[in-house]
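Keeping the supplied structure of chain A fixed, place chains B and C upon it in accordance with the hints.
What follows is each chain in one-letter form.
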Amino acid sequence: MGCPCEIHLYGAHANAVLDLARAEIERLEAKYSRYRDDSLISRINRSAGQSRGVAVDDETASLLNYVCVAYAQSDGLFDPTAGVLRRAWDFSTQRLPSQQQIDNLLPLIGWDRVSWQPPHLLLPTAGMQLDFGGLVKEYTADSVARLCREQGIRHGMVDLGGDLAVVGPHPDGTPWRVGIRDPWGKQQAIATIELMDGGLATSGDYERHIEVNGTRYGHILDPRSGWPVQSLVSASVWAPRCVVAGTAATVAMLKGTGAVNWLHAAGVHSLCIDRDGALRNSSDP
Amino acid sequence: MTWTRYLLMGGIVSLCLLAGCAQVHPWQRGILAQQDMTFQPDALEHQIRQHTYTSKEAATGGATIGGGGCGCN
Amino acid sequence: MGATNGNDKHNRALSALMSAALALPGISGAATPVTKVHTDYRFNYYTEGDIPAAKLSGGSHSRYEIRSHLLDVQAPLPFRLLPEGIYGDIEANLVHESMSGASPWYVKPGAGTHKQPVQIMSGATIHETRNKISSKVNLYHNANRLGLIAGYSKENDYESLSFGVEGEIDFNQGLTTLQGGVGYDNDTVEPTLDPPQPQPRVHHKTLHQWTVYAGITQVLDRHSVIQTSVSFSQANGYLSDPYKLAFVDGELERDTRPDQHRRFTWLTRYNHYFEWSGSALHVSYRFYDDDWGTSAHTLELGVIQPLGRKWQITPRIRYYSQSGANFYAPYFPTVPDNFLYSSDYRLSPFGAISWRLDVTRYIGAWELNLAYERYTSKGSLAIKHVSTENPGLVDFQVVSVSIKATFD
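Chains as they are written, first to last, in this note's numbering: chain A, 240 to 524; chain B, 8 to 80; chain C, 9 to 416.
Hints in this document: simulated from the structure, not taken from any laboratory. None of the values given here were measured: they were computed from a predicted structure. Every residue, glycine too, gets a C-beta built ideally from N, C-alpha and C. A few of these clues could be false.
Unchecked claim - Simulated DEER-style distance windows between Cβ atoms:
| no. | chain 1 | residue 1 | chain 2 | residue 2 | range |
| --- | --- | --- | --- | --- | --- |
| 1 | A | S354 | C | T184 | 21 to 27 Å |
| 2 | B | Q47 | C | S106 | 21 to 27 Å |
| 3 | C | S285 | A | H252 | 41 to 47 Å |
| 4 | A | S464 | C | R230 | 32 to 38 Å |
| 5 | C | Y370 | A | G497 | 35 to 41 Å |
Said to hold, decoys possible - Here are a few chain A residues that sit away from chain C, every Cβ distance over 12 Å (derived from the structure):
| no. | residue |
| --- | --- |
| 6 | V293 |
| 7 | L345 |
| 8 | I419 |
| 9 | R420 |
| 10 | E446 |
Chain A extracted, bound-state conformation:
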């Protein structure tokens, strides 16, 4: 998964269940990681521009259906085809891309350009790419939590690099206490969230950025323009499932100044940190 993963489980047979959990994480990574040439997602990406497309399995079909809903609910901001912008933006340098470089990539971006007629997926133009990065880690956390519950584990928590899914509270009924990182590193945690169930996902923009003439260009890129969004520093979202929390956190970062209003209207619980260091909550009224 390319991140520190921690699974906490209580139960007499917890060790056996951990083996199952590891197998599930490996299964989903092998299937959806774009870093692996033999993954399903890589095979889909290699098929871009061919007239036939790829026939996908039930699990991938439901993930693609989920993407349709997320794309619609985020007014086009949640878009797995936007990963190609990586080719123009290199945050290890301090150089901005040219508008021409971005214009060359924009025709390859847009979920509405993808042909999805279940079970056939077609990326019509060569060079188009699907990136499930904003989806798979959270889905894996949910899937592992569900697997643990099915195995009879009632108390536990799955933490895949900050994307959390709760199996159940501690055996004494107390919640899991999760610290939200202080973006400026001044304290251990800027806030602590207590979780009894559901999933938590955090999206942040406090590391890689390019600074040119005093203007900050973060790595949260708007798929419609190809340019960075003036985003929050971070958004932590709680939802009954981690995959939904992750989608909302990603969208919040892309919404820029409209983030808190969108989260409020979306009906999720969230904690946002803005550029001035202010903490803003939203929850279901």
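Same frame as chain A, but now just chains B and C:
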């Protein structure tokens, strides 16, 4: 009793139903998955009610198996 | 996939995303096997109305009283017992029933000028117990299911062993489901001495039955689903009632029915959800036909109505109508050519109406239910005119209580 006639009736009705169906996406199925939209929301209640009617009437429950018999008078 | 108004409570992004998320196999668990332990207990108290004096010519005027205890437990099968990709659950169902009362014995012509038939009831009050155990194992692969069933039932004079296999296959991303099954039943009858029967006595008889059914369930739209299924059964062996007699040409003869029975049932059920009130309407129609000359229609309507988050009421109404069997008559002036005769009210033409009200209360992982039902049968309720109704037609009431709980 002409069974072939009944089979044909059942088949035609089924095909008509399938022809008129709307597309329902997986994310729209929440309501259908609810307990009170299943055909037997209370299994034990269904079991005892059907057993009672079958003991007092000529018709059988239909469309399931595994009821077993009894000397119900 | 159009734009939605983010402030409209019903279109909130959270519910849209959650609905889509719940369809993900990693979240819903691919198939729908049971993942928790479910227990369900029900107590059912059934009483029949007294037989009216005008219809009774002998024996007890009070009828049956049945107390039934039912228990059902369902639990998931452990992952490690099953091959990869296969999930499972197991169910155990127990029934303990105690019956007391008198039952109809025979019908004879009455004393009046029209010789309206009158009922003779058995005199003594019987006490009987029935115990039944059955078990079902379900195996799931994706959304397809295979079920294996076995059951055993025993009462003083009757023993039944049954087996069945059933399955469901999903098509069309779960919008269409095909289901079917086969069942086999083997029963043994060893009648007791009461009420007295003509010689030679029935000592030990057997019967067996095969049943096969097939059906389709189809999702019509977000709020409605329909299911239609047909079933055929064939029974062979001793199918008569050893405790009943028929008045044939002035003599009392044993109830004698054919030794084969073929039955056909066609059941259609439709559920519709009304979003404005949260009500679920259930409608069902069943057509029955057999080779004994009986056909029947059953129509049932029910509404499951939640009241707030903790309460629910379910009113139901049922209409039933059946025609009489070929070899049925209240009494027989002459011996029929085929020597088949029965005056059992259950083979007579009649119609019945019943209404039922259930009240359910939800408390955490528990569910309590209280129900009352009232059933009445009459010749005049049948679809086709009935010239003479059987004097033994029954009216009954049911009071029922149940408790359900779900455990992790």
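| task | Would you pick out the hints that fail for this structure and give their numbers low to high? | result | Structure breaks no hint.
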